[in-house]
Amino acid sequence: ETGVTQSPTHLIKTRGQQVTLRCSSQSGHNTVSWYQQALGQGPQFIFQYYREEENGRGNFPPRFSGLQFPNYSSELNVNALELDDSALYLCASRKPGQEYNEQFFGPGTRLTVL
Amino acid sequence: AQSVSQHNHHVILSEAASLELGCNYSYGGTVNLFWYVQYPGQHLQLLLKYFSGDPLVKGIKGFEAEFIKSKFSFNLRKPSVQWSDTAEYFCAVNARGGGFKTIFGAGTRLFVKA
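Residue numbers (this note's numbering), protein chains in the order written: chain A, 251 to 364; chain B, 485 to 598.
One chain only, chain A, in its complex shape:
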């Protein structure tokens, strides 16, 4: 069983640029969530996708957007990058059903904004 994978591993961008991060969910998982983890903090929920639609969002501005594809893989797009967007971005997938179903996390993408 292949776990959650994310690409790229590391990324360096400058302020004002746009970035796209990618996630492949674990086999059989149709729900994907994205989190931002700043240094020394816990993961913060950005949004969740289920059946190719966003079905939950945290306190992030609209310049954070996403997509989910028919194979359940997902993208996180961030426009107009700011210095504070520097963080580890985590993707997590889960099986459909209950909210207490375990989330399986990927290794993350480390984004640095200069």
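Derived by calculation from the structure, the hints in this document are not laboratory data.
Among the hints, a few may not be true.
DMTMM-like, lysine to aspartate or glutamate: derived pairs with alpha carbons at most 25 Å apart [claimed, not checked]: (1) B/K533 - A/E352; (2) B/K585 - A/E304; (3) B/K542 - A/E352; (4) B/K555 - B/D538; (5) B/K585 - A/E302; (6) B/K555 - A/E349; (7) B/K585 - A/D335; (8) B/K553 - A/E349; (9) B/K597 - A/E302; (10) B/K597 - A/D334.
With chain A's structure known, arrange chain B on it following the hints.
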């Protein structure tokens, strides 16, 4: 708004010492509660969860946690830690019927001296 508070940011113990990591949450409704662990160089993974029934839940590697509803707490315990328990531990909560938005605490870094 929901929030999760972890009392200790850093804990240092000797092997065989007992461990208790505090976690309090703020939310007035019914919740699902989780402890995740991140070992050095590895992904976040689920340690244990509570969603109903016996408030004392047992997880992997000898960990357990007790849900005390009146105190809004979900403390993690282990009677005797090992060097291999060195990791970062995150408490998390989502609201029943809240659309899967999961709130994480800031994490506790545990270092176990051999």
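For each hint, the structure was consulted:
1. B/K533 - A/E352: Holds, at roughly 8 Å.
2. B/K585 - A/E304: It holds: about 12 Å lies between the C-alpha atoms, which stays within 25 Å.
3. B/K542 - A/E352: Judged against 25 Å, a Cα distance of about 15 Å means the pair holds.
4. B/K555 - B/D538: holds (16 Å)
5. B/K585 - A/E302: Holds - the C-alpha atoms of A/E302 and B/K585 are around 17 Å apart, at most 25 Å.
6. B/K555 - A/E349: holds (22 Å)
7. B/K585 - A/D335: Given that 25 Å is the threshold and the Cα spacing comes to 20 Å, the pair holds.
8. B/K553 - A/E349: holds (19 Å)
9. B/K597 - A/E302: Cα-Cα ~46 Å, so violated.
10. B/K597 - A/D334: violated (35 Å)
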